[in-house]
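Asks: Each chain, letter by letter, is given below.
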Amino acid sequence: MPADEARSERAGSRKRGGPFDWVFVVAVAAVVATIVRAVYFTPVEARQGAAQKIFYLHAPSAFVALYVAFGLMALASALYLWLRDPRLDQLASSSAEVGLAFTTVVLVTGPIWGKTVWGAWWTWDARLTLTLFLWLIILGYLVLRGAVEDRQLRARYSAVLALLAALLIPFIHLSVYLFRTLHPQPIVLKPSAPSLPPEMLTTFLMALASILLLYVALLRARYALARAYASADAADDEAYA
Amino acid sequence: MTGLSRRFGRRRALDGVTLTVGPGDCLAIFGPNGAGKSTLIRILAGLLEPSGGSARIAGLELPGGPAVRGMVGLVAHHSMLYPALTARENLVFVAQLFGVRNPRASAAAALERVGVLDRADTPVRSLSRGLQQRVAIARAAVHAPRLLLLDEPFTGLDPDGCAGLTEILAERRRAGGASIVVTHQLADALALATHVAVLYDGRVVRYEPRGTVDPDRYADGYRELVAAGG
Amino acid sequence: MAGTSTWAAALVIARKDVAVEVRTRAAFLSATVFALLAAAIFYYAWDPTAVSSLDLAPGVLWVIFTFSGLLGLNRSFGAELSERAIDGLLTAPIAREAIFLGKALANLAFLIGVQLIAIPAVILLYNVPVGRALWGIAAVGLLAAIGLVAVGTLFSAMVVNTRFAELLLPMVALPFFVPVIMAAAQATTTLVAGRPIAEAGGWIRLLGAFDLVFAAACTVAYPFTIER
Chain A
1 MPADEARSER AGSRKRGGPF DWVFVVAVAA VVATIVRAVY FTPVEARQGA
51 AQKIFYLHAP SAFVALYVAF GLMALASALY LWLRDPRLDQ LASSSAEVGL
101 AFTTVVLVTG PIWGKTVWGA WWTWDARLTL TLFLWLIILG YLVLRGAVED
151 RQLRARYSAV LALLAALLIP FIHLSVYLFR TLHPQPIVLK PSAPSLPPEM
201 LTTFLMALAS ILLLYVALLR ARYALARAYA SADAADDEAY A
Chain B
1 MTGLSRRFGR RRALDGVTLT VGPGDCLAIF GPNGAGKSTL IRILAGLLEP
51 SGGSARIAGL ELPGGPAVRG MVGLVAHHSM LYPALTAREN LVFVAQLFGV
101 RNPRASAAAA LERVGVLDRA DTPVRSLSRG LQQRVAIARA AVHAPRLLLL
151 DEPFTGLDPD GCAGLTEILA ERRRAGGASI VVTHQLADAL ALATHVAVLY
201 DGRVVRYEPR GTVDPDRYAD GYRELVAAGG
Chain C
1 MAGTSTWAAA LVIARKDVAV EVRTRAAFLS ATVFALLAAA IFYYAWDPTA
51 VSSLDLAPGV LWVIFTFSGL LGLNRSFGAE LSERAIDGLL TAPIAREAIF
101 LGKALANLAF LIGVQLIAIP AVILLYNVPV GRALWGIAAV GLLAAIGLVA
151 VGTLFSAMVV NTRFAELLLP MVALPFFVPV IMAAAQATTT LVAGRPIAEA
201 GGWIRLLGAF DLVFAAACTV AYPFTIER
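Just so you know, the sequences run in chain order A, B and C. Taking our numbering, the leading residue of the first sequence gets 1, the next gets one more, and so forth. Taking our numbering, the leading residue of the second sequence gets 1, the next gets one more, and so forth. Taking our numbering, the leading residue of the third sequence gets 1, the next gets one more, and so forth.
None of these hints come from the bench; they were simulated from the model. Please read all numbers here as calculations on a predicted model, not as lab measurements. Be a bit skeptical, because a hint or two may be false.
Chain A is faced by these chain C residues, among others (derived, beta-carbon under 8 Å) [unchecked claim]:
id, residue
1, Val172
2, Met182
3, Gly202
Anything over 12 Å on all C-beta distances counts as not near chain B; from chain C, calculated [what the hints assert, rightly or not]:
id, residue
4, Ala39
5, Ile41
6, Ala45
7, Pro48
8, Pro129
9, Leu174
10, Thr189
11, Arg205
12, Gly208
Ideal placement from N, C-alpha and C gives every residue a C-beta, glycine not left out.
Work the whole structure out from these sequences, hints included.
Replies: Listed below in structure tokens is the structure:
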């Protein structure tokens with residue numbers, strides 16, 4: 001799409017250095033530091049072995065994706081329908097896109113961990129199923145956005161879809177829960193949530209903080225890009241008017 | 001309407017249009033393709049929100065609630081008919097939606113006025129383009145709206161159909177209903193208008209009562225106006 | 001010109017949609033033929049010696065029902081677009097919600113029509129001993145249809161204004177169908193196995209709650225999806 005390229009070029013030149021700023025650099029450094037600490041300076045969990053270390057990437061990503069990213073998306077969408085401020089739409093869609101990336105991380109790391117620890121790539125456990133469907137819904141949300149030309153209509157459609165998705169999540173959760181209770185399955189080897197030893201806890205909290213920071217950095221970058229697109233569009237409008 | 005404007009993304013389709021249509025008036029708006037005629041009609045029909053300015057019908061702001069919509073009848077580019085249903089079924093449906101007291105009788109009366117009563121029970125899809133246009137006109141007038149909006153109503157109409165339309169508009173004038181006809185067919189519209197305006201590039205560049213213009217000279221003037229770029 | 005009350009207008013629109021469908025029959029025929037073909041294909045996709053057709057039937061029923069329903073939902077607002085008849089509805093002196101409710105009622109009639117063919121077909125083809133469970137299955141079918149229609153009608157209204165309407169509808173609608181299909185299939189399994197309906201109580205409550213929440217939410221959401 002040459003027009004888009006030209007637009008983003010123009011948008012980029014307006015703000016030197018592009019959308020990735022110091023927050024992004026700090027976030028990447030923090031994530032790298034966490035990985036180094038997790039791999040080299042945190043004890044290996046006795047029962048699960050080295051595979052447990054995926055947990056430091058997996059759990060914080062899940063937390064950020066499921067609660068922070070999609071929570072913000074739903075909140076910004078609701079506010080958009082109320083206030084009609086295009087920035088809220090840009091915030092919601094930016095959060096959805098970044099959230100999709102983190103959900104993808106969750107869905108990739110989960111099975112790797114599951115295969116070594118549970119012995120199965122996938123189980124239709126409530127959390128897994130919910131994550132998978134959330135991933136699919138967000139994918140649908142982004143495809144829908146790409147298919148609507150009118151900016152206002154696109155914003156309203158996506159806000160409506162995001163809010164309905166927020167209503168849907170308890171239902172998916174409930175149905176998966178009912179499914180499991182009616183069909184008892186052999187209890188898989190599940191770590192019975194022991195309290196983490198202090199060293200692991202420190203690494204985990206560090207991972208949580210750095211992943212959260214990475215989310216914030218990516219969201220800022222994506223949001224800045226969305227703003228730049230919008231102002232480039234507005235500049236085009238002026239040029240034509 | 002005062003200072004009405006509408007933008008589509010980068011394009012400014014209407015730019016500060018101010019016009020008034022009184023009861024019994026029939027305003028004909030001319031303009032070349034892309035002048036903003038259809039945009040104006042869609043705003044007045046409540047289908048589009050203006051980006052600036054305001055439009056009022058009988059004191060009620062557009063786009064408004066059901067009350068305003070009930071006062072307007074629309075003949076649009078598309079017939080807004082269901083091809084699978086007969087002309088009569090289409091009109092009865094519309095009459096019911098508009099809360100007309102006796103839907104079947106009003107539908108038959110409206111079809112009779114446009115001369116399609118003998119084909120009333122034919123599915124619209126098997127009617128010719130011209131007959132479909134007549135049904136579309138009947139559709140817009142079935143609830144006797146206070147304001148009738150006609151977007152290129154002559155499309156596909158034969159001389160008979162045009163005469164029928166002229167008849168309907170004359171009848172409305174007598175009954176005190178307002179009409180707006182948007183077209184680029186000067187001769188037909190000049191025959192039935194009480195006021196004429198020219199829309200060019202989203203702006204009203206000419207507006208006068210029909211009585212003050214000479215039809216033959218008006219056409220030349222219009223062509224010059226458009227050629228000169230407004 | 002007071003206009004018509006919301007429910008009266010909704011009924012007028014629904015009746016019009018049913019009349020159009022009765023006249024053309026296109027969507028209904030394709031949906032029911034699809035349902036029958038799918039029932040046959042599913043039968044051969046499994047090893048009948050490994051899985052008994054009785055175990056298969058509820059799942060098959062709800063899967064084919066979902067997809068044949070999508071065929072009808074796609075047409076719902078698509079049919080309004082050919083001559084911009086939707087503009088006719090939008091310029092009528094009726095509440096926006098009436099348009100949604102009318103369309104939804106027509107879609108509900110459509111889905112019930114498909115069920116009236118699909119459910120007996122699956123029962124016959126898969127030799128399901130229904131007996132007294134039939135009424136329970138009908139009730140579950142109705143509850144499920146309401147949920148599917150609420151969500152499906154709204155998304156149908158949205159995707160018609162997009163670039164790849166028919167392709168997009170399954171993508172956005174199917175995740176929302178998941179709890180409905182799961183609940184309906186599980187409840188049907190319970191009923192077909194001859195177990196009391198109370199055992200499926202959780203699923204039926206889930207269906208009811210879904211219907212209430214999404215019928216309300218989608219009716220409220222519809223006016224936001226109108227182009228202006």
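Asks: Could you run down the list of hints and mark each one as holding or not?
Replies: Going through the hints against the structure:
Given hint, Val172 of chain C at the interface with chain A, holds; its Cβ is 4 Å from that chain's nearest Cβ, closer than 8 Å. At about 5 Å, the closest approach between the beta carbon of Met182 of chain C and any beta carbon in chain A falls short of 8 Å, and the interface hint on this residue holds. Because the closest C-beta pair between Gly202 of chain C and chain A is about 5 Å apart, less than 8 Å, the hint holds. Separation of Ala39 of chain C from chain B is adequate, the least Cβ-Cβ distance of about 29 Å exceeding the 12 Å criterion.
Even its closest Cβ contact with chain B, about 31 Å, leaves Ile41 of chain C beyond 12 Å, as expected for a residue assigned away from the interface. With a closest Cβ-Cβ approach of about 37 Å to chain B, Ala45 of chain C is found to remain outside the 12 Å limit, as its non-interface label requires. Pro48 of chain C, annotated as away from the interface, keeps every beta carbon of chain B farther than 12 Å; the closest lies near 43 Å. At roughly 41 Å from the closest C-beta of chain B, the C-beta of Pro129 of chain C stays outside 12 Å, upholding its exclusion from the interface.
In this structure Leu174 of chain C is separated from chain B by more than 12 Å, as the shortest Cβ-Cβ distance comes to about 29 Å. A cut-off of 12 Å between C-beta atoms confirms that Thr189 of chain C is not in contact with chain B; the least separation is 40 Å. The Cβ of Arg205 of chain C lies farther than 12 Å from every Cβ of chain B, with a closest approach of about 37 Å, so its non-interface assignment holds. Chain B leaves Gly208 of chain C outside its interface by the beta-carbon criterion, the shortest separation being 32 Å against a cut-off of 12 Å.
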